[in-house]
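*Asks:* In case you want the letters, here they are:
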Amino acid sequence: MPFFEFITPLFLLLIVGGTFVGVIFGAIPGMTATMAVAVCLPLTYPLGLENGLALLLGLYVGGISGGLVPAILLNIPGTPSSITTTFDGYPMTQKGEGEKALKIGICASFAGGIISLIALYLFAPALADFAIRFSYVEKFLIILFALSVMGALSTNMLIGIFSGFLGIFISLIGTYDISSGGNGKHRLIPSGLEYWLDSGFSLLPVLIGIFGLSAILQQAEAGMPPGLSRDKVRIGKSSKFSFSIFKGQVLNVIRSSGIGTFVGILPGVGGSAASILAYTNAKTFSKNPENFGKGEPAGIIASESGNNGLTGGALVPLLSLGIPGDSTTALLIGAFTLQGIQVGPLFIGNNPETWTAMIFAMLIANIVMFVMMFYAIRYVALIVTIPKHILFPIILMMCVIGAYTINYGIMFDVWTLLIFGLFGWLALKIRLEIAPFIIGFILGPSAEIYFVKSLESFGDLSIFFTKSWIAVLLWFLILGSIAGSAFISSKAREAE
Amino acid sequence: MTFTRRIILSFAAATVLSASSYVAVAQELPRNVRLVIGSKSTGGDTYQNSAIVAEALAEKLGINVKVDAVGATEAFKALNRDSRGTTLMIFHDQSYLGNLYGVQGYANPFEGYKIGPTVAINPGNAYLVPKSSKYQSMDDIFAAAKAGEKVRVAIQPGGVSEIGFSAMKNAAKVLSPGSEANIVAVNTGSQSDKNQTMWDDLADVINGSIQANEQFTQLPDDDRKAMRFVWITARPATLAQAPAQGMGNTTRDQMLKFADPETNVPLNGSENFTFDKEFFILYNQGMDDAIVQQIDTALTEIYAAGDIQKRQKEAFFIPNFLPSGEALAHLQAKRSTYEQVIKDITSN
Amino acid sequence: MGELTKVTIDFQSSHLLFPIIIGCVLAVLGLAIVVRERSRITTSGSHWRRIFTQMDKFRFFGTLALTLAYFSLMVPVGDFWPNTGLGFLFCSIPFVFLAGLLFMHVWTARSVLVLATVAVLVPSLIWWLFTEVFFLTLP
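Sequences listed follow chains V, X and S, in order.
Take this note's numbering: the final residue in the first sequence is number 496, and no numbers are missing along the way.
Take this note's numbering: the final residue in the second sequence is number 1348, and no numbers are missing along the way.
Take this note's numbering: the final residue in the third sequence is number 2139, and no numbers are missing along the way.
These are computed hints drawn from the structure, not numbers from a lab.
Any given hint could be a false lead.
For lysine-lysine, the following DSSO-like pairs were computed, each having C-alpha atoms within a straight-line distance of at most 27 angstroms [to be verified]:
(1) V:K185 x X:K1077
(2) X:K1040 x V:K185
(3) X:K1146 x X:K1134
(4) X:K1343 x V:K185
From chain X, some residues computed to sit far from chain V (all C-beta separations above 12 angstroms) [said to hold, decoys possible]:
(5) V1067
(6) G1112
(7) K1134
(8) D1140
(9) A1147
(10) V1186
(11) A1244
(12) Q1254
(13) P1261
(14) E1262
(15) G1286
(16) I1302
(17) A1304
(18) K1313
On the chain X side, residues computed to face chain V include the following (Cβ under 7 angstroms) [stated by the list, open to error]:
(19) A1058
(20) E1059
(21) G1102
(22) V1103
(23) D1200
(24) L1256
This structure is a prediction, so every number in the text was calculated from the model and none was measured.
Every residue, glycine too, gets a C-beta built ideally from N, C-alpha and C.
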């Protein structure tokens, strides 16, 4: 078996260790898979290529998966791509179904990871060829499709959409980023604040500020009510997890994993869009969309299989075009060049052994992640029973680490935490809607660049309708999603 | 409560103690150094280069050096804040090109900062055309511009990616005044965006690199992704130091065909334009000269030992050590050449 | 589609295009909200009064003040030992302890002792993990 020479005890140990560390990074609010990979990248130089990749891919899979833990238990997305997991995960925790929600999320993550891995293994070069048919126009429509979920997530349609646009507006503050195609000029910065705001607000600190810090402020305002205590919650007792939850969700799992994989393949569209799109779709196609946002397992399934579907997808352009599909795979390029290996369209053909090793590493990492998390989770779920006066200061401290290190040591990111913690608190008081706001904030910069570049390149507004059959298809999906959310909101009004 | 008060007090005491001991040794690099870089990517060439240098320096001087990928504007801010040598910066020609192109957030590094030694070159900056393109060489491109044909070049504006484009415009002007108007920029972002503009038929020529684009040049002719080099901007002397086997399936000799003097992009009547992406260290303006000296000495010894060159060549970098004095003169001369090019093509 | 849909984007000013579009949409939506919710807006004074009377002011503003102090002290303190992350450590310990006291409802000797132990151990462990093991920069 000359092909499997790379499977050594060290190889396996590195995957297990990598996955474990990855899960921890993912689970800490503000620490991401990208960060985990960045931190461990220098370690891979002495390890050699296959072993180094084993470690990094373990970190990647673990990091993406770990994000569901704080999302479900604390309502703080551990990574941006688990944002939609909070929508249904946290309501379940509040109902005392935290462990069940976690297990649903873990199973969905596993399914997403495996499905996208299969797609990667079987179709990598073909998928890459398809992905390059997506120009600025199609990418803009994909983002628009993801944005169309804003309406569906709002309780009050008008205010929800306003909040979403406000999110986009605030995401534009700073510089029109040169490295994504902008002209590098400042805009929307109040004069005198250029020194602080020239790079705008970073996504992660905004996210953990709005979700983490503002929750602590609300609790402080309410005088720290003694919340979920051990006897009150009785995790997992009220409603047990069983695999039968997934009955009737097969289509959802496959669709969401497919969306995740596909978004991963498109360079630049970004990881968070994957779970948002999967969630939008699940809601649109669901028989009871009104349950979404109130603790619907299908929402968790969509979100988590979507964001783990990303893992295999993002490797497609990396290995068949030499172009990273997301920020984490961008770091993998560094690992390859450290070893003097070129990535590009010839990579798979030139390095069949490395390619096989990567597929195996991903497969094992997914299995390890599943086993590790599924059986350890009932202890992790006890986090919510830690007394608040101990838990909250420590969460805040972890948020500080996450914010400070996300851009490798920028203090303004820590202040961003406080600014958006206050904003989140205030938003609740004036009934702005946080979910659409955050989605607008996440997708705003991509929406801008693809919209402006489409017009700049083609010089015609009609291009959005006439570019290709893909564009037309995307318009149908967008309209379907908007009609869906209008239908839901009218149904909700009737119910009132 | 007294328990914690005592802790706080002892912290305060420790603060005073170590702060005073710290001041006494300010003439050399502190034990913990932060090396900020002008790129936000920890997978890119700036990071790799800096990591190699940081590791060598740390080992040589017995200190800790952490590389932080904070990006250009934040790196300059961090460098400004501290003159004790706790923060150093590594960046490349972008640092002054950004300023020459008037990008917001770029000050002139020769005025606000001390220039340290150069450490390496990335010789990979290149321009490519689709494999099926009718342009076989740069000569064809300039001829087309002269004949009134628009040649669209995809670049990321405002720096290293644009300088080659500016040189093309300048060359067109030298060869046939007025024809530079036919060389137009397609402003885009990352390498994947630049490739995509080619595949979307929005650009005829794209900026790229040997490292990122070589494999595309090896694709079969009927693959729509296939590309061809037309110009490698490196100086011939730089490229000659690259490993003979080159990169991928392109040997060094094949690369040299796309560089000066075999490929002509005139700077003026007599010389060709060349561009090497050189990495160098920057210091806070007020940093003690003793530290500058310390780093120069350490790097001189490191390069004399020869191990760092091996690491650099493995990663397709060309070792390029110039102590701070020489580096300053060299980079200033380079800057004024490019300043002239940019001035010439903008003033008609 | 004819001439109506033709647009030319000037790259040098393209950084303003999208902000203007979004700004206009925001203005329209904002106006619609003001019109529709005018009754709620005019009575917002009492809404805020109620919020402030019901608020646990000590804990809310205490949290804010502690967080402000925590964030502002980290960098100056850390500056004494550059690039070691000690500023983070030495500010986190008192922060966790004081915030814990603030959030605690009944101060018993035992719970304060537990809190103090946690306040020393957890930040130290985290600091060690991130600066020494993962080699990250902290203030």
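*Asks:* If you test the structure against every hint from before, which numbers come out violated?
*Replies:* 5, 10, 18, 19, 20, 21 and 24
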